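Student: Now for the letters of each chain:
Protein chains: 2
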Amino acid sequence: MKNICAVEGVYATGIKEGKYGLALIKAKGTAAAVFTKNRLVAAPVILMKERMEKGVLDGIIVNSGNANVYTGEQGINDAKRMCEIAAEAFGTTPDKVGVASTGVIGRFMKLDIIEDQCSRIKGDLKHDDAAEEKAMRAIMTTDTVPKSAIARRKNFTVAGICKGSGMIAPNMGTMLSFVYTDAEISAADLKRALIPAVNRSFNMVVVDGDTSTNDCCFVTATGLKGKCDYDEFAAALEEVCISLAKQIAADGEGASKMIEVRVTGAKTEEDAAVVARTVIESPLVKTAIYGEDPNWGRLIAAAGRAGVEFDPDAATVSISNEGRADTVVLARKGEILADDVMHPDALAAAKKLMGGKVVVVDIDIACGAFEATAWGCDLTEKYVEINGKYTT
Amino acid sequence: MKNICAVEGVYATGIKEGKYGLALIKAKGTAAAVFTKNRLVAAPVILMKERMEKGVLDGIIVNSGNANVYTGEQGINDAKRMCEIAAEAFGTTPDKVGVASTGVIGRFMKLDIIEDQCSRIKGDLKHDDAAEEKAMRAIMTTDTVPKSAIARRKNFTVAGICKGSGMIAPNMGTMLSFVYTDAEISAADLKRALIPAVNRSFNMVVVDGDTSTNDCCFVTATGLKGKCDYDEFAAALEEVCISLAKQIAADGEGASKMIEVRVTGAKTEEDAAVVARTVIESPLVKTAIYGEDPNWGRLIAAAGRAGVEFDPDAATVSISNEGRADTVVLARKGEILADDVMHPDALAAAKKLMGGKVVVVDIDIACGAFEATAWGCDLTEKYVEINGKYTT
Numbered sequence: 001m002k003n004i005c006a007v008e009g010v011y012a013t014g015i016k017e018g019k020y021g022l023a024l025i026k027a028k029g030t031a032a033a034v035f036t037k038n039r040l041v042a043a044p045v046i047l048m049k050e051r052m053e054k055g056v057l058d059g060i061i062v063n064s065g066n067a068n069v070y071t072g073e074q075g076i077n078d079a080k081r082m083c084e085i086a087a088e089a090f091g092t093t094p095d096k097v098g099v100a101s102t103g104v105i106g107r108f109m110k111l112d113i114i115e116d117q118c119s120r121i122k123g124d125l126k127h128d129d130a131a132e133e134k135a136m137r138a139i140m141t142t143d144t145v146p147k148s149a150i151a152r153r154k155n156f157t158v159a160g161i162c163k164g165s166g167m168i169a170p171n172m173g174t175m176l177s178f179v180y181t182d183a184e185i186s187a188a189d190l191k192r193a194l195i196p197a198v199n200r201s202f203n204m205v206v207v208d209g210d211t212s213t214n215d216c217c218f219v220t221a222t223g224l225k226g227k228c229d230y231d232e233f234a235a236a237l238e239e240v241c242i243s244l245a246k247q248i249a250a251d252g253e254g255a256s257k258m259i260e261v262r263v264t265g266a267k268t269e270e271d272a273a274v275v276a277r278t279v280i281e282s283p284l285v286k287t288a289i290y291g292e293d294p295n296w297g298r299l300i301a302a303a304g305r306a307g308v309e310f311d312p313d314a315a316t317v318s319i320s321n322e323g324r325a326d327t328v329v330l331a332r333k334g335e336i337l338a339d340d341v342m343h344p345d346a347l348a349a350a351k352k353l354m355g356g357k358v359v360v361v362d363i364d365i366a367c368g369a370f371e372a373t374a375w376g377c378d379l380t381e382k383y384v385e386i387n388g389k390y391t392t
Numbered sequence: 001m002k003n004i005c006a007v008e009g010v011y012a013t014g015i016k017e018g019k020y021g022l023a024l025i026k027a028k029g030t031a032a033a034v035f036t037k038n039r040l041v042a043a044p045v046i047l048m049k050e051r052m053e054k055g056v057l058d059g060i061i062v063n064s065g066n067a068n069v070y071t072g073e074q075g076i077n078d079a080k081r082m083c084e085i086a087a088e089a090f091g092t093t094p095d096k097v098g099v100a101s102t103g104v105i106g107r108f109m110k111l112d113i114i115e116d117q118c119s120r121i122k123g124d125l126k127h128d129d130a131a132e133e134k135a136m137r138a139i140m141t142t143d144t145v146p147k148s149a150i151a152r153r154k155n156f157t158v159a160g161i162c163k164g165s166g167m168i169a170p171n172m173g174t175m176l177s178f179v180y181t182d183a184e185i186s187a188a189d190l191k192r193a194l195i196p197a198v199n200r201s202f203n204m205v206v207v208d209g210d211t212s213t214n215d216c217c218f219v220t221a222t223g224l225k226g227k228c229d230y231d232e233f234a235a236a237l238e239e240v241c242i243s244l245a246k247q248i249a250a251d252g253e254g255a256s257k258m259i260e261v262r263v264t265g266a267k268t269e270e271d272a273a274v275v276a277r278t279v280i281e282s283p284l285v286k287t288a289i290y291g292e293d294p295n296w297g298r299l300i301a302a303a304g305r306a307g308v309e310f311d312p313d314a315a316t317v318s319i320s321n322e323g324r325a326d327t328v329v330l331a332r333k334g335e336i337l338a339d340d341v342m343h344p345d346a347l348a349a350a351k352k353l354m355g356g357k358v359v360v361v362d363i364d365i366a367c368g369a370f371e372a373t374a375w376g377c378d379l380t381e382k383y384v385e386i387n388g389k390y391t392t
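Taken in sequence, the protein lines are chains A and B.
First residue of the first sequence: 1, per my numbering; consecutive thereafter.
First residue of the second sequence: 1, per my numbering; consecutive thereafter.
Just so you know, the hints here were simulated from the structure itself, not pulled from any lab data.
Nothing here was measured: the structure is a model prediction, and the numbers come from that model.
Certain hints may be false.
[Said to hold, decoys possible] Here are the simulated lysine-lysine pairs, DSBU-like style, with alpha carbons at most 35 Å apart:
no.: 1; chain 1: B; residue 1: K191; chain 2: B; residue 2: K225
no.: 2; chain 1: A; residue 1: K191; chain 2: A; residue 2: K126
no.: 3; chain 1: B; residue 1: K257; chain 2: A; residue 2: K357
no.: 4; chain 1: A; residue 1: K257; chain 2: B; residue 2: K19
no.: 5; chain 1: B; residue 1: K54; chain 2: B; residue 2: K80
no.: 6; chain 1: A; residue 1: K54; chain 2: B; residue 2: K333
no.: 7; chain 1: A; residue 1: K267; chain 2: B; residue 2: K49
no.: 8; chain 1: A; residue 1: K2; chain 2: A; residue 2: K110
no.: 9; chain 1: B; residue 1: K54; chain 2: B; residue 2: K2
no.: 10; chain 1: B; residue 1: K333; chain 2: A; residue 2: K49
no.: 11; chain 1: B; residue 1: K333; chain 2: A; residue 2: K80
no.: 12; chain 1: B; residue 1: K352; chain 2: A; residue 2: K110
no.: 13; chain 1: A; residue 1: K37; chain 2: B; residue 2: K351
[To be verified] Derived DEER-like restraints, expressed as beta-carbon distance ranges:
no.: 14; chain 1: A; residue 1: K351; chain 2: B; residue 2: S256; range: 26 to 36 Å
no.: 15; chain 1: A; residue 1: T144; chain 2: B; residue 2: E50; range: 51 to 61 Å
no.: 16; chain 1: B; residue 1: F108; chain 2: A; residue 2: K351; range: 40 to 50 Å
no.: 17; chain 1: B; residue 1: E232; chain 2: A; residue 2: G307; range: 43 to 53 Å
From the three backbone atoms N, C-alpha and C, an ideal C-beta is built for every residue, glycine too.
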């Protein structure tokens with residue numbers, strides 16, 4: 001059950017009061033982070049992009065309820081002040097504190113709430129399950145479940161917590177991830193491992209098409225378990241990030257199903273990623289999967305418009321259930337293998353596979369050796385209701 | 001009321017029987033066309049890309065009910081056969097006949113239906129309103145209204161008809177446009193004028209994010225009114241294409257509102273177009289507009305993730321009603337001007353402007369002199385219902 005608090009040297013706590021939450025995570029070590037590519041960037045992101053160049057952190061403070069975006073110079077000062085407040089709690093200097101925010105856009109921070117919450121919880125920083133749970137719940141906004149993941153290796157552990165839900169509003173829809181390891185890794189190696197790990201996980205989750213204003217992923221290495229093999233660490237980090245990303249996709253707003261789209265046979269990994277993202281972003285694919293319809297036409301037409309060169313008449317499209325336990329090929333090399341006229345049994349079998357909570361789509365574009373996987377969720381009336389009728 | 005049949009030398013007819021429709025449009029002249037950029041391309045598109053290089057047409061045959069996509073070699077032969085059938089009706093050779101199809105994907109054409117319908121209507125080719133109406137209705141699929149436009153100039157006319165609806169399934173969702181002029185224009189000049197006209201019209205309509213497998217726009221110049229000024233012609237052609245494109249956006253599946261997004265102040269027209277398309281594609285923007293919520297945060301966050309460099313703190317975002325009769329500035333240069341705390345009156349006024357059938361969004365990204373406009377529609381529960389629950 002323990003995740004980040006299974007990593008040596010990590011102490012957490014948190015509080016959630018109405019829409020305002022605060023988490024403190026104390027962990028001293030080398031550190032790296034990646035941030036949103038949105039042009040509209042939150043104040044804490046602006047601050048952290050600069051401060052993380054040093055590659056060290058003693059802890060992180062995260063608030064929910066206010067994203068501190070579109071708040072100008074005052075927003076930057078407020079983010080700095082949050083670092084000062086947490087530095088006092090961690091017994092360090094503000095330049096060694098990470099800060100992240102999630103919540104509504106365009107409102108100034110209420111620092112008195114942050115100060116008050118911090119003063120009340122700072123004595124609770126603990127290395128146990130309950131502490132970790134508090135931190136996870138403190139940063140939730142539209143999330144319906146807390147999210148965490150762990151990869152245990154012989155001589156080190158990587159674990160993380162995150163918040164974010166599959167199809168979400170920018171004003172509440174940030175993906176924040178905090179990953180920890182007790183392996184000893186240089187800041188440069190942390191950054192080197194984090195970039196591909198994030199590209200293959202959080203960047204492959206479709207959150208309304210793209211990055212929010214506050215998205216960030218921090219990784220801190222406490223080093224308490226000593227040196228480890230770099231490749232083994234990088235693989236464990238990617239595993240944790242992918243697990244967190246899938247949990248975000250599964251927790252989509254109004255979602256009834258998690259969708260996994262794997263594209264194989266591409267000329268480059270980037271090509272495969274572009275096709276996978278295009279398919280999983282398509283409202284027609286999302287609604288077809290909601291309707292449990294093995295609509296190969298929508299799948300291949302979405303792949304076809306991704307801007308990647310391949311021959312649709314050479315492609316293969318399949319549908320599977322969770323873990324690819326069963327698979328039905330819908331179309332292969334220009335031949336349709338599941339339709340209501342010629343292949344009604346295959347169509348019925350494919351429909352049945354789509355009845356569960358996870359639907360897996362495989363598309364082999366048959367022009368190379370690279371692959372990529374994207375995760376998302378279906379599009380339901382509930383999503384429209386959440387984002388249209390009850391918008392604030 | 002007359003549109004394409006107000007152009008000298010254009011004769012039309014059509015028939016719609018259940019889901020199968022056929023239109024014939026006879027018009028002898030120079031011709032040009034642009035086609036879908038999807039990798040999955042319909043057989044008639046493959047054929048026409050090659051044949052249109054000659055730059056002449058004597059007429060066009062269009063069927064609805066079957067898109068002739070994913071049909072391999074037989075599909076190409078069927079498209080060729082359609083040209084032969086129409087050539088006999090037009091009294092010309094098959095190489096001077098344009099062909100287009102719309103309907104379901106992955107089914108072979110029923111040529112006997114085409115032959116039968118053609119033989120019954122070919123005697124009805126006429127230069128009048130009723131004939132034009134028949135042609136328009138013959139090519140409709142999910143369209144709820146027929147679509148046509150006209151631009152009259154002193155010494156020539158440009159007019160067109162089209163089918164397509166704003167958020168539509170690739171298997172029924174093609175945009176087909178047939179535009180005519182009685183000006184005398186070389187095939188090269190037709191092509192030169194058509195490319196920017198299509199880029200600023202049909203390519204700025206968001207049809208689930210991108211081009212379908214059958215999309216095409218043909219233009220034919222009968223030349224019966226003699227030579228005209230090229231620039232005057234190009235402007236008239238663009239006007240007709242934009243009018244048709246807006247009608248497609250307004251006829252979106254399940255749509256309750258048409259949305260126009262104009263981006264100004266960009267470094268290039270392409271930059272402006274990318275930002276406008278990104279905003280109008282955003283499910284969060286679509287649902288906010290459905291909910292009549294002047295959500296500047298969603299608008300500016302969508303613009304911010306378009307991949308175009310600009311400073312969100314210098315941008316201005318406004319909401320208007322149809323024709324920009326009234327406007328409310330939501331945010332200007334980092335300052336929020338419509339919210340429920342500080343500016344509730346402006347917020348209420350903006351909300352009111354969004355009550356109509358057309359919502360106009362202006363975003364000035366304040367870094368250059370170029371602009372672009374995109375059209376789309378809101379995202380409603382009805383859309384999910386059409387594409388999810390009743391998918392075929």
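Student: Could you tell me whether the CB distance from A/K351 to B/S256 stays inside 26 to 36 Å?
Tutor: Given range 26 to 36 Å: holds, Cβ gap about 31 Å.
Student: Are the Cα positions of A/K54 and B/K333 separated by 35 Å at most?
Tutor: The hint holds at about 32 Å.
Student: Is the Cα-Cα distance between A/K191 and A/K126 35 Å or less?
Tutor: The given pair, whose Cα atoms are some 27 Å apart, holds under the 35 Å limit.
Student: Given the hinted pair B/K54 and B/K2, is their Cα-Cα distance within 35 Å?
Tutor: 30 Å, holds
Student: When you check the alpha-carbon spacing of A/K2 and A/K110, does it fall within 35 Å?
Tutor: This hinted pair holds, its Cα atoms lying about 32 Å apart.
Student: Check the hint pairing A/K267 with B/K49 against an upper bound of 35 Å on the C-alpha distance.
Tutor: 26 Å, holds
Student: Measure nothing beyond the straight line between the CA atoms of B/K257 and A/K357; if it is 35 Å or shorter, mark the hint as holding.
Tutor: Given pair B/K257, A/K357 holds - Cα atoms ~33 Å apart, limit 35 Å.
Student: For A/T144 and B/E50, compare the CB-CB distance with the range 51 to 61 Å and indicate the outcome.
Tutor: Holds, since A/T144 and B/E50 (Cβ atoms, about 54 Å apart) stay within the stated range.
Student: B/K191 and B/K225: Cα distance at most 35 Å?
Tutor: Since the Cα atoms of B/K191 and B/K225 sit roughly 19 Å apart, the hinted pair holds (cutoff 35 Å).
Student: Can the suggested window of 40 to 50 Å be confirmed for the beta-carbon pair B/F108 and A/K351?
Tutor: 24 Å, violated
Student: Please work out if A/K257 and B/K19 have their alpha carbons no farther apart than 35 Å.
Tutor: 33 Å, holds
Student: Below or equal to 35 Å on CA atoms is what counts here, so check B/K352 against A/K110.
Tutor: 31 Å, holds
Checked against the numbered hints given earlier, the structure breaks hints 16 and 17 and satisfies all the rest.
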